[in-house]
Amino acid sequence: MPKLGLEIAYSGAHMTLDVDKIRKAERLGFDTVWSAEAYGSDAFTPLAWIAAQTERIRLGTGIAQLAARTPANCAMIAQTLDDLAGKGRVIVGLGVSGPQIVE
Numbered sequence: 001m002p003k004l005g006l007e008i009a010y011s012g013a014h015m016t017l018d019v020d021k022i023r024k025a026e027r028l029g030f031d032t033v034w035s036a037e038a039y040g041s042d043a044f045t046p047l048a049w050i051a052a053q054t055e056r057i058r059l060g061t062g063i064a065q066l067a068a069r070t071p072a073n074c075a076m077i078a079q080t081l082d083d084l085a086g087k088g089r090v091i092v093g094l095g096v097s098g099p100q101i102v103e
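Going by our numbering, the first residue of the sequence shown is number 1, and it counts up by one from there.
Rather than coming from a laboratory, the hints here were simulated on the basis of the structure. Owing to the predicted nature of the structure, the values given are computational and were not obtained by experimental measurement. Certain hints may be false.
Said to hold, decoys possible - Quick list of in silico lysine-lysine cross-link-like pairs, BS3-like style, CA-CA up to 30 Å:
| hint | residue 1 | residue 2 |
| --- | --- | --- |
| 1 | K87 | K3 |
| 2 | K3 | K24 |
| 3 | K24 | K87 |
| 4 | K21 | K3 |
| 5 | K87 | K21 |
Please build the complete structure, drawing on both the sequences and the hints.
Here you go:
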């Protein structure tokens, strides 16, 4: 069976999340919701908020920047999020990003 995912948009200085849309996607059978990071918010914090307001949809970072945090810190954040969300809901996507973002 095909899997469906939903991506939340990048956020600038003022983040907004359409949690109703995410809950509806979960009810309709979507498997994942994805968060990314660039100039605005980080990828993990929005997923924590979404986890608190959903039950089963998996939560993915697409991507979390390697340069933004140490490997140990990234692992701790991901583990904490997965523990709070309910084991097995978090998918961690890591990447190098680009010089415009990292520098």
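*Which hint numbers does the structure go against, in order from smallest to largest?*
none
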